[in-house]
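For the sequence shown, full-length UniProt numbering begins at 1 and goes up steadily by one.
It is possible that some hints are incorrect.
[What the hints assert, rightly or not] Each pair of labels, with its calculated beta carbon distance range: (1) 41 with 231: 23 to 33 Å; (2) 177 with 34: 29 to 39 Å; (3) 230 with 129: 31 to 41 Å.
These are computed hints drawn from the structure, not numbers from a lab.
Ideal placement from N, C-alpha and C gives every residue a C-beta, glycine not left out.
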Amino acid sequence: MASKNVGARPATSRRKSFAQQNNKPGNAFATLWQAYSGHNDRDVLLETQLEWANFLWVEATPNVRSCDYAPSQRALLADGPCKLASIAIFNDGSAEWHVTSGDSDVPSQATHTNESSSSPNPHMRTLMSAAQAAGASLVVRSTRDFQSQSLLLSNWSRALSWISAARYHGLSDLQSDLLCEVRNTGQLSLGEAIRCRSDPSLRPLIIAAVFRLVQMGRLFSDLHLNPLSLLTVISAVHHEHDSRAPRTI
Numbered sequence: 001m002a003s004k005n006v007g008a009r010p011a012t013s014r015r016k017s018f019a020q021q022n023n024k025p026g027n028a029f030a031t032l033w034q035a036y037s038g039h040n041d042r043d044v045l046l047e048t049q050l051e052w053a054n055f056l057w058v059e060a061t062p063n064v065r066s067c068d069y070a071p072s073q074r075a076l077l078a079d080g081p082c083k084l085a086s087i088a089i090f091n092d093g094s095a096e097w098h099v100t101s102g103d104s105d106v107p108s109q110a111t112h113t114n115e116s117s118s119s120p121n122p123h124m125r126t127l128m129s130a131a132q133a134a135g136a137s138l139v140v141r142s143t144r145d146f147q148s149q150s151l152l153l154s155n156w157s158r159a160l161s162w163i164s165a166a167r168y169h170g171l172s173d174l175q176s177d178l179l180c181e182v183r184n185t186g187q188l189s190l191g192e193a194i195r196c197r198s199d200p201s202l203r204p205l206i207i208a209a210v211f212r213l214v215q216m217g218r219l220f221s222d223l224h225l226n227p228l229s230l231l232t233v234i235s236a237v238h239h240e241h242d243s244r245a246p247r248t249i
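Let the hints inform the model, and build the full structure from the sequences given.
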């Protein structure tokens, strides 16, 4: 009897192999997003719209040292509407476990492990215990949360395209110049930042440098308030008021 896998299209086989290598062993025909992570400086694979939205939210969050977008601990939530989408490690060594939920009625935004041990979902209780044992906070994000941040997420989808396009270019000199200029002026528009260098070929790299500095927590932006444009405002970070959360709410 012939194997039912005989005749599978090569593209499907490569897709399945790629998914398995990235800890995404689900349906080979499912929708997959391959996206560049500025925090990780590499491509990651995402397999649901909620994972994509969570990815954008994490990438919009400053001071993330690294993020695992396919954590092995996701098996603790194998069933049900909630999924462990990512584990972020911040520059200060703290960690957050991000759970996505298609249920708009679940507790959301910042459900920390020491506050919600009474969750009726046994899988969620197990995950909370695991996060607490790892010294991490648990954050649950629902569809409603993502919808409330649609402008921020849309802007960062575009910003990451600029960062990805510059991934093989050194940005440190441009970043130093931008930081000096912002410190001198207090704030700049994106258009003004682009004009800091007269060479037109550097403009895409300047845009990428700006958004990487925002990711690194060294500049603030108004991407939570206004659509990304040449009028986007970037300003200096005052460390006494610095926060690892993006300016969203």
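Cross-check of the supplied hints:
As the Cβ distance of residue 41 to residue 231 is approximately 29 Å, the hint placing it in 23 to 33 Å holds. One distance hint, 29 to 39 Å for the beta-carbon pair residue 177 and residue 34, holds here, with the actual separation near 32 Å. Judged by the Cβ atoms, the range 31 to 41 Å given for residue 230 and residue 129 is violated: they are separated by roughly 49 Å.
When each numbered hint is compared with the structure, a violation occurs for hint 3 only.
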